[in-house]
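Novice: Using the sequences plus the hints, can you model the full thing?
Just so you know, the protein sequences line up as chains Y and L, in that order. Residues 1360 to 1475 in our numbering are what the first sequence lists, from first letter to last. Residues 561 to 726 in our numbering are what the second sequence lists, from first letter to last.
Note that these hints are calculated values from the structure, not bench results. As the structure is a prediction and not an experimental result, all values here were calculated from the model. Note that CB positions come from ideal geometry on N, CA and C, so glycine has one too. Please note that a few of the clues may not be correct.
To spell it out: a stretch of chain Y is covered by chain L in this simulated footprint if at least three of its residues, at any positions, have a beta carbon under 8 Å from a beta carbon of chain L; those stretches are [claimed, not checked]:
#1 1376-1388
#2 1400-1406
#3 1415-1426
#4 1432-1440
#5 1443-1456
#6 1464-1473
Which residues of chain Y face chain L? A partial, calculated answer using Cβ under 10 Å [stated by the list, open to error]:
#7 1360
#8 1361
#9 1365
#10 1366
#11 1367
#12 1368
#13 1369
#14 1393
#15 1409
#16 1410
#17 1411
#18 1429
#19 1459
#20 1460
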Amino acid sequence: MTALLVALGAAVGAPLRLLVNHELRTRYAASPEAGTLAVNVAGSFVLGLLAGYAIQGSWLALIGTGFCGALTTFSTLALELWTVLEDRRWRHLTTQLTLTLTLGLGAAYLGFVLTR
Amino acid sequence: MSPATERPGPALLTAVAVGGVFGSLGRYAVGSALPHPASAWPWGTFLVNLSGSLAIGILVGWIAVRPGSHPLLRPFVGVGVLGGWTTFSAFAVDVVSLTTHGRPLLALLYVVVSVVTGTLLAGVGIVVGQRFEEGVEVLEGGLDSEGGLDPEGGLHPDGPARETPR
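Specialist: As structure tokens, then:
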């Protein structure tokens, strides 16, 4: 049952990541990295809320493990960082790392403290 | 309108959704198998994120040198499976959790090790993926005209037949 909820959440989260990336790219001429950042920040915020409310069980499976887990991605981020590193685009690398960590970790922390 | 600017169609969305389900279920299994208290190293998240970073490198490296792979392969595996297998949200909440449970240095170490190792593994994966495909092509170059395996394999004196120049 819990696995089914994870699957349902993931079935929504993963395509949503694709769509967000597509919309940002075509509508706002955003880079792929911006799309990755957007979904990672949003998903981290939501999971931070869940963590703050100490959500467990079915809701955690559906929204946390499933939706947030599939909406966000670490692999794409790693690939992006490697590509930038390999091209020796140091300023871009610094910017991307800074934004990802401050906004991504910050979003999780914000979600968490908003519940206090 | 080029394919890249068309809104993702049902086949693409389905491929990503199905891949995402598989990857997420795998991540759920790993997380269930490796539960950890909030003040300890988040092994589950760490393992899926690092292995996923290596895997996406392998996928990209392999596809880059492989002629004519299916157009849904990269979205299914890269965006879907590996996007579901890995997670940034759990990583972020792990950091918050470690920090609020009195382990800020461990949290910092976790961030640095995850990001640095993940990035490097993606690069390693790309090389592995490329070499794997090149190795496969060498083997295929050793096939004789009946499609059987030439016993000299890719060491044929005239050199293996290659479809794509190196």
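Novice: Going by Cβ atoms only, is residue 1459(Y) closer than 10 Å to chain L?
Specialist: holds, 8 Å
Novice: Was the hint right that residue 1366(Y) lines chain L, CB cutoff 10 Å?
Specialist: With Cβ-Cβ at 5 Å, under 10 Å, it holds.
Novice: Given a cut of 10 Å on the nearest C-beta pair, is the interface hint for residue 1411(Y) held or broken against chain L?
Specialist: Holds - the Cβ of residue 1411(Y) comes within 10 Å of chain L, reaching about 9 Å at its closest.
Novice: Let me know if the C-beta of residue 1368(Y) comes in closer than 10 Å to any C-beta of chain L, holds or violated.
Specialist: Where the cut-off is 10 Å and the nearest Cβ of chain L is about 7 Å from residue 1368(Y), the hint holds.
Novice: Does the interface hint hold: is residue 1429(Y) within less than 10 Å of chain L, judged Cβ to Cβ?
Specialist: Interface hint status for residue 1429(Y): holds (4 Å vs cutoff 10 Å).
Novice: With a cut-off of 10 Å, does the beta carbon of residue 1460(Y) approach a beta carbon of chain L closely enough for the hint to hold?
Specialist: This hint holds: residue 1460(Y) lies near chain L, its Cβ roughly 7 Å from the closest one there, short of 10 Å.
Novice: Residue count check for the stretch 1400-1406 of chain Y against chain L: does it reach three with CB-CB under 8 Å?
Specialist: That given contact holds, which follows from 4 residues of the stretch 1400-1406 of chain Y lying within Cβ reach (below 8 Å) of chain L.
Novice: Are residue 1409(Y) and chain L close enough, Cβ to Cβ, to be under 10 Å, as the hint says?
Specialist: With a closest approach of 8 Å, the residue 1409(Y) hint holds.
Novice: Against chain L, is residue 1393(Y) within 10 Å by beta-carbon distance?
Specialist: violated, 14 Å
Novice: Holds or violated: is there a CB of chain L closer than 10 Å to the CB of residue 1365(Y)?
Specialist: holds, 5 Å
Novice: When I compare C-beta atoms, does the stretch 1376-1388 of chain Y have three or more residues closer than 8 Å to chain L?
Specialist: holds (count 5)
Novice: Test coverage of the stretch 1415-1426 of chain Y by chain L using CB-CB distances below 8 Å; three residues minimum.
Specialist: holds (count 4)
In summary, the numbered hints that this structure violates are 7, 14.
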